[in-house]
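There are 2 protein chains.
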Amino acid sequence: MKKSILFLFLILSTTILSGQNKAVQAIRSDHQPRHYELLKEYVEFLSLPNTMNDPEQLQINARYVVEMMKKRGIGNARLLEADTPGAIPAVYGEVLTPGATRTLIFYAHYDGQPVNPDKWAEGLSPFKPQLATAPLDKGGQLIDFPTASSLPSAKSEFRGTETSSILLQPQWRLYARAAADDKAGVFTILNAYDAIRRTKLAPKINLKFFFEGEEEKGSTNLGEILEKHRDLLKADAWIICDGPMHASGKKQITFGVRGDVNLNLTIFGAKRPLHSGNYGNWAPNPAMKLVRLLATMKDDEGKVLIPGFYDDVVPLSTSERAALAAIPDPAPMMQQELAFAEAENPSLSFLESIITLPTLNINGIVSANVGKLASNIIPTMATVTLDLRLVKGNDHKRQVQKVVDHIRAQGYYVLDREPTDEERLTHPNIATIRAATGYNAQRTSMDLPISKLVIQAVKATSDQEIVLMPSAGGSLPLYLFEEVLNTPPISVPVVNYDNNQHGENENVQLSFLWDGIETLAAIMLIDFK
Amino acid sequence: MKKSILFLFLILSTTILSGQNKAVQAIRSDHQPRHYELLKEYVEFLSLPNTMNDPEQLQINARYVVEMMKKRGIGNARLLEADTPGAIPAVYGEVLTPGATRTLIFYAHYDGQPVNPDKWAEGLSPFKPQLATAPLDKGGQLIDFPTASSLPSAKSEFRGTETSSILLQPQWRLYARAAADDKAGVFTILNAYDAIRRTKLAPKINLKFFFEGEEEKGSTNLGEILEKHRDLLKADAWIICDGPMHASGKKQITFGVRGDVNLNLTIFGAKRPLHSGNYGNWAPNPAMKLVRLLATMKDDEGKVLIPGFYDDVVPLSTSERAALAAIPDPAPMMQQELAFAEAENPSLSFLESIITLPTLNINGIVSANVGKLASNIIPTMATVTLDLRLVKGNDHKRQVQKVVDHIRAQGYYVLDREPTDEERLTHPNIATIRAATGYNAQRTSMDLPISKLVIQAVKATSDQEIVLMPSAGGSLPLYLFEEVLNTPPISVPVVNYDNNQHGENENVQLSFLWDGIETLAAIMLIDFK
Chain A
1 MKKSILFLFL
11 ILSTTILSGQ
21 NKAVQAIRSD
31 HQPRHYELLK
41 EYVEFLSLPN
51 TMNDPEQLQI
61 NARYVVEMMK
71 KRGIGNARLL
81 EADTPGAIPA
91 VYGEVLTPGA
101 TRTLIFYAHY
111 DGQPVNPDKW
121 AEGLSPFKPQ
131 LATAPLDKGG
141 QLIDFPTASS
151 LPSAKSEFRG
161 TETSSILLQP
171 QWRLYARAAA
181 DDKAGVFTIL
191 NAYDAIRRTK
201 LAPKINLKFF
211 FEGEEEKGST
221 NLGEILEKHR
231 DLLKADAWII
241 CDGPMHASGK
251 KQITFGVRGD
261 VNLNLTIFGA
271 KRPLHSGNYG
281 NWAPNPAMKL
291 VRLLATMKDD
301 EGKVLIPGFY
311 DDVVPLSTSE
321 RAALAAIPDP
331 APMMQQELAF
341 AEAENPSLSF
351 LESIITLPTL
361 NINGIVSANV
371 GKLASNIIPT
381 MATVTLDLRL
391 VKGNDHKRQV
401 QKVVDHIRAQ
411 GYYVLDREPT
421 DEERLTHPNI
431 ATIRAATGYN
441 AQRTSMDLPI
451 SKLVIQAVKA
461 TSDQEIVLMP
471 SAGGSLPLYL
481 FEEVLNTPPI
491 SVPVVNYDNN
501 QHGENENVQL
511 SFLWDGIETL
521 AAIMLIDFK
Chain B
1 MKKSILFLFL
11 ILSTTILSGQ
21 NKAVQAIRSD
31 HQPRHYELLK
41 EYVEFLSLPN
51 TMNDPEQLQI
61 NARYVVEMMK
71 KRGIGNARLL
81 EADTPGAIPA
91 VYGEVLTPGA
101 TRTLIFYAHY
111 DGQPVNPDKW
121 AEGLSPFKPQ
131 LATAPLDKGG
141 QLIDFPTASS
151 LPSAKSEFRG
161 TETSSILLQP
171 QWRLYARAAA
181 DDKAGVFTIL
191 NAYDAIRRTK
201 LAPKINLKFF
211 FEGEEEKGST
221 NLGEILEKHR
231 DLLKADAWII
241 CDGPMHASGK
251 KQITFGVRGD
261 VNLNLTIFGA
271 KRPLHSGNYG
281 NWAPNPAMKL
291 VRLLATMKDD
301 EGKVLIPGFY
311 DDVVPLSTSE
321 RAALAAIPDP
331 APMMQQELAF
341 AEAENPSLSF
351 LESIITLPTL
361 NINGIVSANV
371 GKLASNIIPT
381 MATVTLDLRL
391 VKGNDHKRQV
401 QKVVDHIRAQ
411 GYYVLDREPT
421 DEERLTHPNI
431 ATIRAATGYN
441 AQRTSMDLPI
451 SKLVIQAVKA
461 TSDQEIVLMP
471 SAGGSLPLYL
481 FEEVLNTPPI
491 SVPVVNYDNN
501 QHGENENVQL
511 SFLWDGIETL
521 AAIMLIDFK
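Residue numbers (the numbering used here), protein chains in the order written: chain A, 1 to 529; chain B, 1 to 529.
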């Protein structure tokens, strides 16, 4: 009885789609009965560890993605290597349409952030994907994967139709490293094409696929790979599938990203840990030096005090500002869920905060131990990892240099390696700063023809308003597509915003995977004429 | 040939001792041929893990110490329990001298600081004692323990005399947790008495022994144990054997200690870790809040800025000041070895720094991860462990309260537990502060008769000047002996100052163990008449 009502509802909800949306309806009818099978493959994919610092793990993932493409009849599936030794290959594939003059290339990345399994919730393990009825921090319960035989498909009237989508509730969460960031991109892109192929819908354009393996590391060799394979990668636009959707759950298109660069800063004290009683007040404490140094960098409204930090910022255009104004402010809802009383800079809106300004964020800070592991000592060193997000106009090297100059101006002798004993004995304040390779921000104009076509395609997959975002807060090396290939990138994220991406307990809500397949398929079916 | 010269030297060096020092000479002749055997027992003792938070480990150590006493014929050897459930017992023993009216009681502790084995040098393990030819950070090499058969005692003319002291070089280091702090105290006290017994020297006073098991935790139940067993523990003075000797290597008597209290302070951000791009500049960063808060606590000359922090300090007396002035400043030598360019407060001498002022020291600070383990996130919390050393006049509760009041004055809502969601949503700045039990400083007058007798006894064991220290920088709950038992404590430390006590790579130099036996035996032989 209950199932019949749901079935009826599904029929009704598809019939109310307009003619233009026939293709979307076909895609939906194709993926709905296959959710169980799709999820099974995804769980297998997520079970392959993919931490950014482990080349061997990443190679295994790359080969797995090649196989995923071959299974779907995607042509020319292969690894794209860089010449740089140790570089992790990208994965490429293509579906060429006879007579087509236009091409879209779809991007996602298969590498993931490092994991600290001890920090994950009980019952979770980063590379043993696990279903839950809801987010664990909102009362969700872990559940076993339904087995094929527990599905009614084998025994009921729903066989081969909506069965699996009934059993796999859309609001369920799948917990694993990269479940959201960004194997979800690989998964939805490849299954969007697969649904097109299965339903025999005919793309009017060439489709290319490009999956990177070094995104979390800062895409160190992406420029080289693009350069080396520039003919193969010719396209009218890159469709980037990464990062979270709008907090409201509305579908979203994003036209830019912030840039990013990280640095590690270590301050040194005595060469060995000292008893805090026998040496306390005399031996310098590197943790106290570090906190005093970091405190000079921000005021109590979150404004960075490093000279020139905001000088290079290119302000939003009028149309970008208008798009921003049209987006409802998600801050109150998010703040409630995240449980904090005040934003870092209460005078800025959420979007202004994350789109219009560069950041200086403490990713982590460690000196000796705290709590039960703490000893009564003066530590030998204190380290902070800083994350600098960049907006259009910032240059990543220039931004790091501002931080270095500021540290120097506080009286620090700055090195890019450990100090020698002689240096320790000569300079009271020594800072070792190691900056990772970074990259700049990028913004594509929302007024390009391809921008408008993508907006139209995504709109066709949803009854709701589409959120048009001039830039994301997050970072991808999208400036490379413009600089190396002269091709505009446009981002179409598919995963829920509360996915704990980069932290512990990363997860994706299942419904976002299925919706993502529809969104990406609609873009693949764009007709430029 | 070489051995013969050394043997001759030993004979000469003992014969130049004055008549008053005959007893010391006898003690030396007794312990010298037994170094190998003494060290074997000490290694066994150090192999028993004794971390302060593990009651089971500590009970095993306590029983081991009882057995060490019984082996040496010490009477009434037993555990002294507190009534408080979970309290770790002290270990007691006594040697009563017929007709004696005076009593000295000797104190050390058998518990140790927590260990983080990952931080110990390669080849070391906190509870697998290991010999090295010199400190490892000064080119020392790990060496295997000599086996009994490798000793010439079994086959040469040195059998049963100096052999073991020849093979066990006095400058060697023994690495293990508690090797210096403070199983060295237990070891030297019990072997000092053993040497007296073996040489049939007759103490003129009663000797009592008291070994605590909760010192590193702040001696939580020591007051109760003293109170409960006050009759048993009657004495004219407590001789405290803990902490390091003077950096010059000179023998030292210390007449006071700083007090100590620890607190853990945690600052909270969003309830889950957030992507630093998608939320950076908007979500509050608890690590940045914490560093800004800590930076308000100290100026760049190490002066604590918390209101009233130095108000209660009782200045040194004229005679204490004179004693201080007589001690050569160890700072230049130590600074060279520790390799830093400037003391925290360059306008104070080393001794002024550690004796005359309370401290506010960062023992450790942790928020998320750094370096290769770092993720691009905004952490959920940031924690610091602070150590407050106290001087005479400070009250530990009052001192903690000053810190709490200061944090409150910076706009923090202060709790002693995790905040609720409602509190998180109401208060922008939340600090959870948990203070451990602390204790106050203590100072015994250097002009008491017993003070003078101890000075005289120690002087008799050394050709060098004795360092008389009005107070140590380190902490012991010595105020309890005065307050509960009305008995003055006097400290006679025996271990080398560069022992890494409390940190990783803790060690003791062998010669300090042998010298300590002589020092303590001399005190046990004090004659009050």
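Everything labelled a hint here was simulated from the structure, so no lab data went into it. One thing to keep in mind: the hints can contain errors.
Any copy will do: because identical chains look the same in the list, a pair fits if it lies in one copy or spans two.
Unchecked claim - The list that follows gives simulated cross-link-like pairs (lysine-lysine, BS3-like), each with its CA atoms no further than 25 Å apart: (1) Lys459 <-> Lys200; (2) Lys128 <-> Lys271; (3) Lys22 <-> Lys217; (4) Lys372 <-> Lys271; (5) Lys372 <-> Lys217; (6) Lys204 <-> Lys217; (7) Lys119 <-> Lys271; (8) Lys228 <-> Lys402; (9) Lys71 <-> Lys40; (10) Lys529 <-> Lys397; (11) Lys372 <-> Lys119.
Keep in mind the model is a prediction, meaning the values are calculated, not measured.
Output the indices of the hints that this structure fails to meet, ascending.
3, 6, 8 and 10
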